[in-house]
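Peer 1: Sequence:
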Amino acid sequence: MRRGAALLASALLATTLSAGAFAKTLKVAYDADPVSLDLHEQLSGGTLQLSHMVGDPLVRWTQELKFEGRLAERWERIDDRTMRFYLRKGVKFHSGNEFTALDVKWTFNRLRTSPDFKAIFAPFESAKVVDRYTIDLVTNKPYPLLLNVATYVFPLDSKFYTGFDENGKSKDALVKHGNSYASRNFSGTGPFIVTQREQGVKVEFKRYDDYWDKKSPGNVSEIILTPIKEDATRVSALLAGDVDFISPVPPTDYDRLEKSDKVDMVTLDGTRIITFQLNQKRVEAFKNPKVRLAIDYAINNAGIAKKLMKGLGTPAAQHSPKGYMGYSEDIKLRYDLKKAKQLMKEAGYEKGLKVTMMAPNNRYVNDAKIAQAVANMLAKINIQVDLKTMPKAQYWPEFDKRAADIMMLGWHADTEDSANFIEFLAMCPNSETGFGQYNSGNYCNPEVDKLVLQSSEETDLAKRQTLLQKAEKILYDEAAFIPLHWQDLAWAAKKNVQLAPVVNVMNFPYVGDLVVK
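In mature numbering (1 follows the signal peptide of the UniProt record, and there is no 0), the protein residues as written are -23 to -1, 1 to 494.
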């Protein structure tokens, strides 16, 4: 049975019924497990899914994309640069330490040093402790997305991370792709505690007995998360009853699951853009806009969405999905093989070139198949692709090294706003600010940067929309990146698992509130 977004609101009613005792074990199969327990090491969907299991943000999104308080009970605007948050009292970390405003400040400051998160927090000046349970977040200038960013502040236990580990290294050290104390140990305020973890094999969680949210309907006492990379194996495990809940659901199995009387499936329109980036530092030809345009014209993204995604992906020509402020109706899909060949000829590359490509094989829906399809399409304009695919735990270090000429990247806007796409994927790479952190193509246009930075200070929504649409148009005209599609979301579970109330378009299921009948 398949359920759409229209049923989500009515399904919420079911969770108000008695959830029973905490005696339910949930067996989950994702396509991959978290790469680290350090929530600040990597800005990724997997990390944020984990964050909502083991931590709580100050505020979080509802299914209607409104804000609801979590560790912040309420908030108020003090002036045009300051938002005051009033924190919950009596909340304890997994270590037993009390949660206070000092932990929020410590977490905020650590996020600002993270290579992955610092760009999100660039508009902020400081976090100021007012008293033990009150804190102000202060921006450099008026900033329209302050609450959006607050959804990424999952306060960590500052006392737990103070001092040195058995190797004499600081416990709060933030090491990307490294074996740090924070990557192996965790203390947050969330509904679950990590009890066992074997990278690539299994992660086990148990319900935190002293969890503060006593109104949560959730009744899951234990979670066993097993990564199953192969789509068919993951689906078979659900249908056989070996697991209770899977994500993502491969489009090739939608019909199979819909016909099953053993499971329910929930789908939502997605906003995660799947792209390829062309590294201009590695390949001289990629500096030529005509070559980049030729590649864009050579790729049949509508065909990929129809055949590989089975219609569960919307072909894209820009970062911003419809409904986002930067989305423009004037930006159209480009596929035209004849024009692609003509552009290669005009650029002096009629005979083609050889390039390398890397993509994950367990991060996005059909990622490896999509990469192979794109490689085949590029062969039609004499671009020979040496393609390598790998698990995401291996892929992300390679991505950070910019180890291939063409690299795949999917991105969901962290702030549910157009600017976030461009800040991370298309602004000039800057290690100090964090802008362009995931711009593996090394594209750089100061005019784009200027427009996006102006938008971050513009509180007039009409003017802000114009700025972001101008930026998207420049990226389109210059073929700054190769857009493929926005990936739809799908989850499937046994019928006794009440998925609908806890899933959302951010793809961060709130499993702490999950009811298993």
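Be aware that one or more of the hints could be misleading.
Quick list of simulated restraints, FRET-style, between CB atoms [what the hints assert, rightly or not]:
#, residue 1, residue 2, range
1, Lys118, Leu42, 44 to 52 Å
2, Asn144, Thr59, 18 to 26 Å
3, Lys43, Leu79, 26 to 34 Å
4, Phe44, Ile451, 49 to 57 Å
5, Thr210, Thr436, 33 to 41 Å
6, Asp363, Gln431, 38 to 46 Å
7, Glu175, Lys146, 37 to 45 Å
8, Glu45, Gln431, 42 to 50 Å
9, Arg109, Lys264, 37 to 45 Å
10, Glu41, Lys146, 15 to 23 Å
11, Gly73, Arg161, 17 to 25 Å
12, Gly73, Phe141, 54 to 62 Å
13, Thr210, Asn473, 35 to 43 Å
14, Gln173, Glu327, 27 to 35 Å
Simulated from the structure, these hints should not be mistaken for lab results.
Quick reminder that beta carbons are idealized off the backbone N, C-alpha and C, glycines included.
Peer 1: Decide, hint by hint, whether the structure agrees.
Peer 2: Consistency of the hints with the structure:
Taking the beta carbon of each, Lys118 and Leu42 are about 25 Å apart, not inside 44 to 52 Å as hinted. At roughly 41 Å, the beta carbons of Asn144 and Thr59 sit outside the given window of 18 to 26 Å. One distance hint, 26 to 34 Å for the beta-carbon pair Lys43 and Leu79, holds here, with the actual separation near 29 Å. Distance hint check: the CB atoms of Phe44 and Ile451 are about 32 Å apart, inconsistent with the given range 49 to 57 Å.
For Thr210 paired with Thr436, a C-beta distance near 50 Å fails the hint of 33 to 41 Å. Separated by about 41 Å at the C-beta atoms, Asp363 and Gln431 satisfy the suggested range of 38 to 46 Å. Checked against the hint of 37 to 45 Å, the C-beta distance between Glu175 and Lys146 comes to roughly 22 Å, which is inconsistent with it. As the Cβ distance of Glu45 to Gln431 is approximately 31 Å, the hint placing it in 42 to 50 Å is violated.
For the pair Arg109 and Lys264, the supplied restraint of 37 to 45 Å is violated, since their beta-carbon distance comes to about 55 Å. Here the CB-CB span from Glu41 to Lys146 is close to 44 Å, at odds with the stated 15 to 23 Å. In this structure, Gly73 and Arg161 meet the distance hint of 17 to 25 Å, their C-beta atoms being roughly 19 Å apart. Judged by the Cβ atoms, the range 54 to 62 Å given for Gly73 and Phe141 is violated: they are separated by roughly 21 Å.
In this structure the hint that Thr210 and Asn473 lie 35 to 43 Å apart at CB is violated, the actual value being about 22 Å. A C-beta distance of roughly 57 Å is found between Gln173 and Glu327, which places it outside the suggested range of 27 to 35 Å.
Figure legend: structure checked against the earlier numbered hints; hints not met, in rising order: 1, 2, 4, 5, 7, 8, 9, 10, 12, 13, 14.
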